[in-house]
Amino acid sequence: MSKVKDYSFPEGLHLLTRWQAGDDAARKEMTAFFDDAIAGNFDADFLTLTSPSCVHSTASVHMLGLSVLHDLYGIESWAYYNTDPYRYVRTNLAVSRLLGIHKFYMTWALYAFTCEPLGQQMMYPDRFPPGADPDAFLINKNNWQDLKTPDFTTGIPKTIDGILSATQELTGVPPLLQISAPYSLAADIYGQEPLLADVVSDPNTVNALLDHLGDEVLGPWMDHHFETFPDGWVELSDASGSPFFIGPDNCMQMSIRSIRHMLRDKPYADRVFDNNFRGDFVASAKKKDRRSRREVQTAEDASQEKLLELTDAKVSVNPVFIMRLEADKVNVSFYEQEAIKRNLPLTCGIGSPQIDRNSIEDIDATRISIREDARSFVESIKRVCESVDLPQDNHIGAPWPSHVYFEDINGLSHFELVEIILDELYKVDSINWPKLADS
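For any residue, its number in the numbering used here is found by taking its place in the sequence shown, counting from 1, and adding 567.
Derived from the structure by calculation, the hints contain no laboratory data.
A hint or two may mislead.
DSS-like, lysine-lysine: derived pairs with alpha carbons at most 25 Å apart [unchecked claim]:
(1) Lys725 x Lys708
(2) Lys833 x Lys570
(3) Lys715 x Lys833
(4) Lys873 x Lys896
(5) Lys873 x Lys908
(6) Lys873 x Lys572
(7) Lys725 x Lys570
(8) Lys595 x Lys570
(9) Lys572 x Lys595
(10) Lys715 x Lys725
Here are the in silico distance ranges between beta carbons for each label pair [stated by the list, open to error]:
(11) Gly607 x Asp816: 35 to 43 Å
(12) Glu953 x Arg831: 15 to 23 Å
(13) Asp573 x Thr720: 24 to 32 Å
(14) Gln688 x Glu643: 13 to 21 Å
(15) Thr716 x Tyr993: 41 to 49 Å
As the structure is a prediction and not an experimental result, all values here were calculated from the model.
Glycine included, every Cβ here is placed at the ideal spot set by N, Cα and C.
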């Protein structure tokens, strides 16, 4: 029987690297490992949480889990996500252990899973996550008002409840429901291009659509979640409603406004957060011109004010932690300062393209730059941990992504780069915080 401890960092990553390269012996070893994981032989280990005294890592690994099960057992996308919650959860936990990830973070194809219960036509590739069919949108300008509350006791909502129940049983971590925020849900079932056109030409209708989705779909889904899991959390994702795609003003006035509308008077509002606005650099972008030095300084002050205004708005729908995603492209020092100022923990994202083996032109240069990035993230996170009020467990038992966060690790990820990043975490000194030192 396999033993999880035999694959502690970095041995598990080395096995994944050999498997990815097509090594037959590694594939056989992987099969034995996942046979044991799926059979429940590692369940006791999954209950062991990481140390609260260290800067830790979290990762979304469901796509890598799908790649592994498809290769080893021929399990395809629909069956992977929909048929066996314990196999799904154990696979994701085992993948996290192989990678050397410190803290479990259970994820799935959340954008697809949010629109499928409404009747949106879906596409399930054999070995990739599902998505909405871009040629068959569910609603349009004439019928969106007819969209009704789905049944949360069947289909995808029932599947998610099963995954959450299994995750809590196997890890002891509170259940985290991950669903789209109103704007991203609208983009999936109304269409990105029609929605963007209406953002410009008919913003009142867009806001009415977003409020309808919050009132009729997402709000009731959250109600169901907290009735089922009173100790649960909800993570909203809104990539389509981000500053990068619709600009900072529309993000604040449409995307974030609709979340606040949806959460009005909800008793659990402080356990709901949006984690996926991206592209903060848009708010601080500087235009090239020939203005005087004084005019340029005024413009720079205005861009900084816009970035702070956007940060205020983001914190209003995520009062739990400060997130710096790779696509934000703003120096981590800004987020460190904001986290300390607001007395919140800091999470720094590693974007999927940063570790995608098909996107790297110069691997030697990338090895250096990604280590420097990881080191700066770890240093900033450590300083924040030593400066803000934190619970005794430093959030290691919380279900949301914290500290260094791999936004997506999949079958095409470059595992050597993952190892370089994690190496910076494993070798850093313990957090110098009295509460943690006593734990």
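How the hints compare with the structure:
1. Lys725 x Lys708: Violated - the C-alpha atoms of Lys708 and Lys725 are around 30 Å apart, more than 25 Å.
2. Lys833 x Lys570: It is violated: about 45 Å lies between the C-alpha atoms, which goes past 25 Å.
3. Lys715 x Lys833: Between Lys715 and Lys833 the Cα gap is close to 20 Å, so the pair holds against 25 Å.
4. Lys873 x Lys896: holds (15 Å)
5. Lys873 x Lys908: holds (17 Å)
6. Lys873 x Lys572: The hint is violated at about 48 Å.
7. Lys725 x Lys570: violated (33 Å)
8. Lys595 x Lys570: holds (15 Å)
9. Lys572 x Lys595: Cα-Cα ~18 Å, so holds.
10. Lys715 x Lys725: holds (18 Å)
11. Gly607 x Asp816: 35 to 43 Å: violated (51 Å)
12. Glu953 x Arg831: 15 to 23 Å: Between Glu953 and Arg831, where Cβ atoms are some 36 Å apart, the hint is violated.
13. Asp573 x Thr720: 24 to 32 Å: Taking Cβ atoms as reference, Asp573 and Thr720 lie about 42 Å apart, which means the hint is violated.
14. Gln688 x Glu643: 13 to 21 Å: holds (18 Å)
15. Thr716 x Tyr993: 41 to 49 Å: Taking Cβ atoms as reference, Thr716 and Tyr993 lie about 47 Å apart, which means the hint holds.
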